[in-house]
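S.K.: Protein chains in written order, with our numbering: chain H, 1 to 131; chain X, 1001 to 1169; chain C, 2001 to 2585; chain R, 3001 to 3597.
Keep in mind the hints are simulated off the structure, nothing from the lab.
Footprint (simulated), chain R over chain C, 3 or more residues, beta carbon under 8 Å:
{"id": "1", "stretch": "2048-2061"}
{"id": "2", "stretch": "2064-2073"}
{"id": "3", "stretch": "2177-2191"}
Here are the in silico distance ranges between beta carbons for each label pair:
{"id": "4", "chain 1": "R", "residue 1": "E3483", "chain 2": "C", "residue 2": "L2106", "range": "28 to 34 Å"}
{"id": "5", "chain 1": "R", "residue 1": "K3477", "chain 2": "X", "residue 2": "K1038", "range": "41 to 47 Å"}
{"id": "6", "chain 1": "X", "residue 1": "N1011", "chain 2": "R", "residue 2": "D3416", "range": "54 to 60 Å"}
Predicted model only: the values in this text are computed from it and were never measured. C-beta atoms are modelled at their ideal positions from N, C-alpha and C, and glycine is treated no differently.
This is what each chain is made of:
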Amino acid sequence: MNKIKTLEDLKLLREGMQAKFKLRESGNNAENIVRIKVAMSTCGIASGAKEIMNFLIEELEQQAIEAVVTQTGCMGYCYAEPTIEVTVPGKEPIVFGEVDKHRAAEIIEKYIIHNELVDGILPMNYRTIDN
Amino acid sequence: MPKIKLSQRTNEIIREICASFDNSEGELINVLHETQHKLGYLPAEVQELIANELNMSVAKVYGVVTFYSFFNMIPQGEFPISVCMGTACYVRGAEQILHEIKRQLNIEVGQSTPDGKFSLNCLRCVGACGLAPVVMVGEKVYGRVAPQQVRKIIAEYQESTVKQEKHEM
Amino acid sequence: MNMINLTIDNRPVSVERGTTVLQAAAQIGIKIPSLCYMKLEDLNIENKPGGCRVCVVEVEGRRNLAPACCTDAAEGMVVLTHSMRAIHARRTVVELILSDHPTDCLKCAKAGNCDLQSMAQHLGIREIHYEGEQSTFREDTSPAIIRELDKCIRCRRCEMMCNEVQSVGALSAINRGFNAVISPAFEMNLDHSVCTYCGQCVAVCPTGALTEVDHTGAVIRALSNPDKTVIVQTAPAVRAALGEEFGAEPGTLVTGKLAAALRRLGFNYVFDTDFAADLTILEEGTELLNRLTAFLGGDKEVKLPMLTSCCPAWVKFFEHQFPDLKDIPSSARSPQQMFGAIAKSYFADKIGVNRKDLVVVSIMPCVAKKYECSREEFSVNGNPDVDFALTTRELAQLINLANIDFKSLPDEDFDHPLGESTGAGVIFGTTGGVIEAAVRTAYEVFTGKKLSRIDFTELRGMEGLRHATIDFDGLPIHIGIAHGLGNARKLLEDIQAGKSQFHAIEIMSCPGGCIGGGGQPYHHGNAEILKKRQMALYREDAGKPIRKSHENPYITKLYEEFLGSPMSEKAHHLLHTEYFDRSKK
Amino acid sequence: MADYKMHLLVCGGTGCKASESEQVRDNLLAEVEKHDLSDEVQVVTTGCFGFCEKGPIVKVVPDNTFYVQVRPEDASTIVMEHLIKGRKVTHLLYKDPESEEPISDSKHMDFYKKQVRIALRNCGFINPEAIDEYIARDGYAALAKCLGEMTPQEVIDEIKRSGQRGRGGGGFPTGLKWEITSKSVADQKYVVCNADEGDPGAFMDRSILEGDPHSVIEAMAICGYCTASTKGLVYIRAEYPLAIQRLKTAIKQAREYGLLGENIFGTSFSFDISLRYGAGAFVCGEETALIHSMEGLRGEPTFKPPFPSEAGYLGKPTTVNNVETLASIPVIINKGADFFNSIGTEKSKGTKVFALAGKINNVGLIEVPMGTTLREVIFDIGGGIKGGKKFKAVQTGGPSGGCLTNSFLDTPIDYDNLIAAGSMMGSGGMIVMDEDDCMVSIAKFYLEFTLDESCGKCTPCRIGNKRLYEILDKITKGLGNEEDLTRLRSLCKVIKDTSLCGLGQTSPNPILSTLDNFYDEYLAHVRDHRCPAGQCKSLVKYTIDKDKCTGCTLCFRNCPVGAITGEKRSVHYIDNAICIKCGVCYEKCKFDAISVS
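Pulled out of the complex, with its shape left as it was, chain H reads as follows (with noise of 0.2 Å):
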């Protein structure tokens, strides 16, 4: 990586990134692929996150589906860890919490492969800074 410059350098940088991000979640396009962000705070390790990232990185490899999973913060709902976030392509992204390998799979099964809701989503209750 080259060293930022000047404010240029960042922007450019920047916009490189959010189009990238954007290829991503948009959904139409070469990078038709699921994301996964799974909260990796210190409660979230402490009740399984880690375990539950490697099996999902596993498992969808294992079925061949197209994802990207990251480690992010803590989503702030510590009473559900571990918590993912997953974003289906074309979709708004959806919070699961209490995710056990069971959880898991079936999050994969039904809401990845079959666009199929599970009990107990976490709905996003707070407002950002964004616009």
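Please arrange chains X, C and R on chain H, whose structure you already have, making use of the hints.
M.R.: Just chains X, C and R now, with coordinates in the frame of chain H:
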């Protein structure tokens, strides 16, 4: 306190740590962290050597070690048990858990079992309040613990003999 | 411009910027009580942790009470030192301290001299509303100092003295919360630590937590044993301070009464350590001249500067902290030990008493002297050269026990032969005095000329570090002076670094020298007392008929009859010593 | 195979459940089946929407229709009207309280979302170990803007105008703090991030550092620019290994990108950050103690002034800011002070992160605008009290704060209101207590904490708190008297009035606030030797009602100490000499046969 003699290697380790912080008195806490990380605890002889290396009084080193609850002067058990005593855990029954562990292991807080297997400590909030009450064994976090589960948790380790990867003094 | 106007207890006061409320109040005669705060004016010693909270006052517009000792006066500030709220808080704070303090005042070594006791009395405390568990600690007895931490009020004065002033580092605050206390590392005994027994912690402790080991009982036993000949020596600084214990103004010289009191106590011979001080000058002075001559002659083996070695705390200090420099100090023993060695040889022979039946007691301004006389190298077949060292305070105790009305005593003289001294011996008790005494003799011996003036005022004073150059008839001799071990450390570090330009350095452990020793009457934080004691010694010196050690006729006689010459083999055996590496390296 | 076109999301949060949301779901399911829509419409239960006051809630996806206060009998209408006829059921829509207009789309009713995430804007959103993701969300744009377009004073003015106050507890205006350091003259100055989050039950700072470390790094650099400091230090608890690791990674990445180091953005401004570790001393959250600790000393506070802004780390001017304070700074710069100060109350601007814990359903990390009421936080966002129990108190401000009761539930949260109510903002721990919690024990719990964490330097904190604890202990053992309550209050006041640092000055707050708000409970302990919550072990006794006991042996089997005896199918007994009063039998008994007295 029984006197121990530090091995040549331990001496070197401590000297290296001190040197990596420029033997600077102001870095004492970092040095202690690093040393405890490597050796598991900070017995008197280790503190004396550190004082010597950092060119400060051993009384001051001891003053710092005894001020911060993170530093230990006695070896921890093979499986250190920590009970979170944060408020969230407290209102969800951490005291009963602690009581039960003390009863099961027959030790008080700050002590180790005679076989050196377990040591018991309290800590203030690991930040897993969503899982209260929380007990940690080594690095592993047990959430939503009930007094009846304590026996089972301890039993998990009773048989096991995972040697800690700590440097022998 | 830099004056600040404020009101304290409805009275206006104008003070310089940087003045605390406590000091500002004092300027208009308002004495805000305090316990932990202590300032020794001009000695650069201040203890201001703001911890005891006794000096809290009400400052208009502030949410909480303010500690007067660390609150700077500010323009327009309105302070109430005795509002209901302040009094209630102050009394409660003292009650809290008392609730964690033993109540055995009647048999406490510090009774009558205890700041906490006075404070409780001052505030009229008759009941403690908050009784509860008291913190308890193991009592620790060392050769010189007793630590009874149950009586510690965490004022941190001892810690400050031990670290900031003395740079000894034997003590530190340890643990925290209710269990916090001041202790050596690992709560070990003081005698396992790097403690030098300088006793400055004892000198400033407001309570009975730190006191000296009491040897009065042993001395009474010796005095009442008909088989023993008991002789006493008394250090120079004692005569300038003992009077304080009996209500005399600080700075009152009580040399004559002191001799009288000692005689009434039953000592068979009443001698003066000043005699041994003169002897020290001859030995140490000769050693200096030898080293100087060799050095000037190009001898690379010779080490300079030469450091004085009269102070036992200083000796223990460099043995622990600068063992690599242990060849630099003079090998001369301290006056106390020279006296003991001569008393139990020369004098014992003279009066025909076996050394085993001769008991040598010393009266010292010092607690480290207790330790010094217990050092193995200062005994012969297990019989110490000096049997017991009492502090000035212990002597006062002894005088009281013997029903002596000190004030009404007549002035008496010391006995001969070990009681005769010169003005040079007297000033050993103050910082700068030893080196001045040495210069008076060294100059005349070195140059062969008579001094035109005897008072070397350039060597006097109270600054922690001083230096002067004395012209030895064309040869400039650079002299350094340090009192307080923290100051001494600076000079030693210079020596280690090869930066020292001095030929000779005088070091005394206690601020002010022996007049400020750990065994002296308590100064309670008043540095004026030390200065007055210092002036007293210079007065005594000025009034002495002989003021140069080498002119002391009894010293001359001693060499003629017994020792031969300074640094002779016999002198070396009896009057010199060696030092040990006490570091753990 | 189903291919759902629509989802009906029924809130399954505890609040909604209490108002029959389960019945709503069952009815919806039945209606869907009845109309043969099972393959197209899926009915699911969700977690809490955070709008419990208007529950039960049903949301229709994908059109985001948001129905509130849905009754079970409304199910048929929703299915018939909305699903089949495609018409929204107007009377179930949320009505704007001002205009009385129904709002059909949840996208246009963000206001029901009580939370606004500023400090937490990236937490749970980006990968904290990927600087690119941070940059994609305007990361380091604020730093670029400051360096490129603003003078240090302009930045400080902007922060001052934003009205932001320190989130560590004290509430000192951030801009002012920066300004003081900027005006101090010295050859070296420091920026310190206080990440020694020690309040038990608080984990805001940890979450931010774990979830969005770059926001803190960026803000420290901005602070460095404003105050002409080139060195930053993060003082972080050693108990937070994950946060430490993420922070280290982030610092490394920022250095690689040239966002830390020499000549940032090609300007003459250089700044770098290193870490210092705490070692388990709560008092080190106090800034002078923190600085001593960073210098390798015992973390004992010293008297202020001098303030760190004038003489701090190594005697140099030092700006000490808390993690959350810093995390909001880039937003203030990017979106402007007006954006920030449009949120909140008159004297407390912006948002505050709280760690919601205790006897509450939705334990978690939340961020709400200043001025949100405790009721909204506890009952909407927090989803109410666990197990359907009664709300008793909420503790804010950790060991420095107080317990607030029912009567404060509608108090808008801000610095001044909380202090007026006898508590304080503190760093943001919010512990909810229910009817089972004994307030005397809670006060004692906090005192024990303070006692443990007091540095021992000043008398009132060292001995005074010990005495407070002893009195409380006596009371919880049933040995107290009414005079003790007077002594307690009087000593509390002196400790507050005379202690050296914030720890001691606030340590009596948990006692004073419980004395104020739960005096009857104290009285019950000292007068009747009774613990109304049944929590003080010395004062309770468990007994088995022989008429109700069925001899099921469940209590016998669960008793950890073997205090219960009895044959199968016959009445059991508790031996009170052995009983440790853990309450397990009481919880386990299915027949209500065990009583506490």
